[in-house]
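Participant: Start from the sequences and build out the full structure, keeping to the hints where you can.
So the chains spell out like this:
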Amino acid sequence: MLKESILYESVGELAKRIESKQLSPVELTEAYLERSQKFGPRLNAYARLMPVEALDQARAAEKDIHRGHYRGPLHGIPYAAKDLLAVKGVQTTWGAKPFAEQVFDYNATVIEHLKNVGAVLLGKAAMIELAGGLGYNSASASLEGETRNPWDTSCWTCGSSSGSGAIVAAGLAGFAIGTETWGSILCPSAFCGVSGFRPTYGRVSRRGAMALSYSLDKIGPMARSAEDCTRIFAAIAGHDPLDRSTLAVDRAAFTYSPASDLKKHSLRVGWLANLWKEYEPGVAKAIQAAHKVLPKHFALVKDTVLPEGPWEDAAGVILQAEVASSFGDLIRSGRVKELRDPQGRIGGYANLSVSGGDFTTAQRVREILQKKMDALFESYDVLAAATLPAPATPLTLDLSKGLSFPDPLGAIGNLCGLPAISVPCGFTEKNLPVGLQFVGRAGDDASVLQAGQTFQHATEWHRKHPNLS
Amino acid sequence: MNKSKVQKINRREFAQRAALLSAAIVPGGIVFSKPAAAVTAGDAQLPEGAEKLTAESRVEAEARFQQLMSQYGTRFDAGEQKSIRNSCYSLQRSLEKLRAFQLENGDAPAVYLKPLVEREKKPQSAPAAGAAPTAAPKKP
Chain H
14 MLKESILYES
24 VGELAKRIES
34 KQLSPVELTE
44 AYLERSQKFG
54 PRLNAYARLM
64 PVEALDQARA
74 AEKDIHRGHY
84 RGPLHGIPYA
94 AKDLLAVKGV
104 QTTWGAKPFA
114 EQVFDYNATV
124 IEHLKNVGAV
134 LLGKAAMIEL
144 AGGLGYNSAS
154 ASLEGETRNP
164 WDTSCWTCGS
174 SSGSGAIVAA
184 GLAGFAIGTE
194 TWGSILCPSA
204 FCGVSGFRPT
214 YGRVSRRGAM
224 ALSYSLDKIG
234 PMARSAEDCT
244 RIFAAIAGHD
254 PLDRSTLAVD
264 RAAFTYSPAS
274 DLKKHSLRVG
284 WLANLWKEYE
294 PGVAKAIQAA
304 HKVLPKHFAL
314 VKDTVLPEGP
324 WEDAAGVILQ
334 AEVASSFGDL
344 IRSGRVKELR
354 DPQGRIGGYA
364 NLSVSGGDFT
374 TAQRVREILQ
384 KKMDALFESY
394 DVLAAATLPA
404 PATPLTLDLS
414 KGLSFPDPLG
424 AIGNLCGLPA
434 ISVPCGFTEK
444 NLPVGLQFVG
454 RAGDDASVLQ
464 AGQTFQHATE
474 WHRKHPNLS
Chain V
-1 MNKSKVQKIN
9 RREFAQRAAL
19 LSAAIVPGGI
29 VFSKPAAAVT
39 AGDAQLPEGA
49 EKLTAESRVE
59 AEARFQQLMS
69 QYGTRFDAGE
79 QKSIRNSCYS
89 LQRSLEKLRA
99 FQLENGDAPA
109 VYLKPLVERE
119 KKPQSAPAAG
129 AAPTAAPKKP
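Chains as they are written, first to last, in this note's numbering: chain H, 14 to 482; chain V, -1 to 138.
Careful, some of the hints might be misleading.
Unchecked claim - Cβ pair distances, simulated, as ranges: (1) V:77 with H:309: 49 to 57 angstroms; (2) V:110 with H:263: 14 to 22 angstroms; (3) H:65 with V:76: 45 to 53 angstroms; (4) H:29 with V:115: 44 to 52 angstroms; (5) H:297 with V:115: 51 to 59 angstroms; (6) V:113 with H:264: 28 to 36 angstroms; (7) H:318 with V:109: 21 to 29 angstroms; (8) H:255 with V:105: 30 to 38 angstroms; (9) V:105 with H:118: 40 to 48 angstroms; (10) V:115 with H:85: 46 to 54 angstroms; (11) V:97 with H:102: 33 to 41 angstroms; (12) H:315 with V:53: 17 to 25 angstroms; (13) V:76 with H:341: 24 to 32 angstroms.
What the hints assert, rightly or not - For lysine to aspartate or glutamate, the following EDC-like pairs were computed, each having C-alpha atoms within a straight-line distance of at most 16 angstroms: (14) H:101 with H:118; (15) H:305 with H:316; (16) H:101 with H:125; (17) H:414 with H:291; (18) H:350 with V:78; (19) H:385 with H:325; (20) H:34 with H:66; (21) H:16 with H:43; (22) V:95 with H:371; (23) H:128 with H:69; (24) H:305 with H:43; (25) V:112 with H:256; (26) H:16 with H:47; (27) H:414 with V:46; (28) H:128 with H:66; (29) H:384 with V:102; (30) H:477 with H:165; (31) H:443 with H:165; (32) V:95 with H:325; (33) H:350 with V:105; (34) H:385 with V:105; (35) V:95 with H:321; (36) H:384 with V:105.
In case anyone wonders, no lab produced these hints; they're calculated from the structure.
The C-beta atom is built at its ideal place from N, Cα and C for all residues, glycine as well.
Facilitator: Written out as structure tokens, the structure reads:
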């Protein structure tokens, strides 16, 4: 029986044990499965566990490693994938009743990449129905019901990668894969106190992933450290001839070895002090403390501001128009009524009324913004701010009232396809995690990951874990 | 009279009138006509924030809503209709801000067509993925 502390180790630490044959991938998989069976239902973290397939993969990994065919740091590491990624022969529900019986006959490219490096797929993580694209006002907007936050089970994990956040925070797997259209990796990472990375748009193939918004969707890792995110990103990034939205081979690929230290130079940080209009007191305190840490470890930390403009409006119109297309059939047919959340059942109708002209105007505004942001990154390698101004919210909260504040950096980051990471930076007085985000220039994922790692070299917040017993 | 011309004019007029007739501005507020299955709830009360919209935008938001109701109205109860109406006004607020943003004619959209030039490099007769290979000619 493995100690609980081992199950909370980072991918890097687990990999060392596995490579040196001190830890068996089968033993590790069994331990995560047992823990997932025990705590998964309590948290509503999984859409489904795949114990038979996971143990087969773990045995294969163990056999390979014993033969001397060690494939790298993810070999034999169990993980969970958000239930919008196709896994051959396994139900992929997109968190929504109309797709509850859906089964694909191929693996998403991300799943295939992770299979190739020997990672062990433990199960499918619960998620908000249709990644929240048709709107939702309650945490229970999912086939699995509300996912409970391991730090306080009366609180939510945020969405839409809700299960992925809970699984990593609760030590139910080594890491998880999430997706973000607008906030769906960063928010659950902040609420759950894990490290979550949103890559530059186009660096990770979306083949086999549910399409919500063709020009906004991204896939990224959620893990126990920024360094883990870096390792996982290196495994899943790359051009995919089957996904024409991926970047060219030389721009999509990402390589990492700890010795390379990402970049030699220290980073310049633009601090967005006034990003959020109001902070909850516990969040403000943690963010102020994080701000004080930065100057010792970064070349420059200087207050800055985002360019002004209708960026959230542009992001909203583009999202609405693309959802009107991606789920137009569901809306027009009326099957949207099968969704769990009352807002989701009607939220898509207004999307149908966005005109082509307005959509194109939003895309033109987007181009202007891209240039403005690129200019801002002449002065800074990364921008930093609180990931959210509030900690995890109660499960019962009406989200239209409680989490409806403006999110300019979320809009800008996703509209421009910018990479971002959320890392834990403290706790509120109620012991709920607080997240700090770093956002970088499009394509400069390395700086964002380096910023996260630098912060975590100086702090211990990412090593804190909830007490589930 | 040319029949096809009449039909064209009628179609255009229909589209214009559908937008205009669904909402008519009167001093002190907006009065809405009610096509079949149109809204029954909250007619008198404008959605929150509607007062910040220009008169033209309010007409447009209402036309947007009425268009949806004329197509799908029977699916919704009064509360849902109210919610969809709010969404239409909320969308209109975003559109108003977007349209007010100064753009030059040459400001192109952010997403461009990627011509599928790879096709030119592939043999024309490549079989489709999954297609059964044609049988090789049998040797005598």
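Participant: Would you mind marking each hint as holding or not holding in the structure?
Facilitator: Hint check results:
1. V:77 with H:309: 49 to 57 angstroms: Distance hint for residue 77 (chain V), residue 309 (chain H) holds at roughly 55 angstroms.
2. V:110 with H:263: 14 to 22 angstroms: holds, 19 angstroms
3. H:65 with V:76: 45 to 53 angstroms: For residue 76 (chain V) against residue 65 (chain H), whose Cβ atoms are near 50 angstroms apart, the range 45 to 53 angstroms holds.
4. H:29 with V:115: 44 to 52 angstroms: holds, 46 angstroms
5. H:297 with V:115: 51 to 59 angstroms: holds, 53 angstroms
6. V:113 with H:264: 28 to 36 angstroms: For residue 113 (chain V) and residue 264 (chain H) the Cβ distance comes to about 19 angstroms; the hint is violated.
7. H:318 with V:109: 21 to 29 angstroms: holds, 27 angstroms
8. H:255 with V:105: 30 to 38 angstroms: The hint (30 to 38 angstroms, Cβ to Cβ) holds, given that residue 255 (chain H) and residue 105 (chain V) are roughly 33 angstroms apart.
9. V:105 with H:118: 40 to 48 angstroms: holds, 44 angstroms
10. V:115 with H:85: 46 to 54 angstroms: violated, 35 angstroms
11. V:97 with H:102: 33 to 41 angstroms: violated, 49 angstroms
12. H:315 with V:53: 17 to 25 angstroms: violated, 45 angstroms
13. V:76 with H:341: 24 to 32 angstroms: For residue 341 (chain H) against residue 76 (chain V), whose Cβ atoms are near 25 angstroms apart, the range 24 to 32 angstroms holds.
14. H:101 with H:118: holds, 5 angstroms
15. H:305 with H:316: holds, 13 angstroms
16. H:101 with H:125: Measuring from Cα to Cα gives roughly 10 angstroms; hence the hint holds.
17. H:414 with H:291: holds, 15 angstroms
18. H:350 with V:78: holds, 11 angstroms
19. H:385 with H:325: holds, 15 angstroms
20. H:34 with H:66: Distance of about 22 angstroms is beyond 16 angstroms: violated.
21. H:16 with H:43: holds, 13 angstroms
22. V:95 with H:371: holds, 11 angstroms
23. H:128 with H:69: The hint holds at about 12 angstroms.
24. H:305 with H:43: Between residue 305 (chain H) and residue 43 (chain H) the Cα gap is close to 42 angstroms, so the pair fails against 16 angstroms, i.e. violated.
25. V:112 with H:256: holds, 12 angstroms
26. H:16 with H:47: Holds: residue 16 (chain H) and residue 47 (chain H) sit about 12 angstroms apart, inside 16 angstroms.
27. H:414 with V:46: holds, 14 angstroms
28. H:128 with H:66: Holds, at about 12 angstroms.
29. H:384 with V:102: holds, 15 angstroms
30. H:477 with H:165: holds, 14 angstroms
31. H:443 with H:165: Holds. Residue 443 (chain H) to residue 165 (chain H) sits at ~9 angstroms (cutoff 16 angstroms).
32. V:95 with H:325: Holds - the C-alpha atoms of residue 325 (chain H) and residue 95 (chain V) are around 10 angstroms apart, at most 16 angstroms.
33. H:350 with V:105: With a Cα-Cα distance of about 40 angstroms, the restraint between residue 350 (chain H) and residue 105 (chain V) is violated, given a limit of 16 angstroms.
34. H:385 with V:105: holds, 13 angstroms
35. V:95 with H:321: holds, 12 angstroms
36. H:384 with V:105: Within the cut-off at roughly 11 angstroms; holds.
Hint violations for this structure: numbers 6, 10, 11, 12, 20, 24, 33, all remaining hints satisfied.
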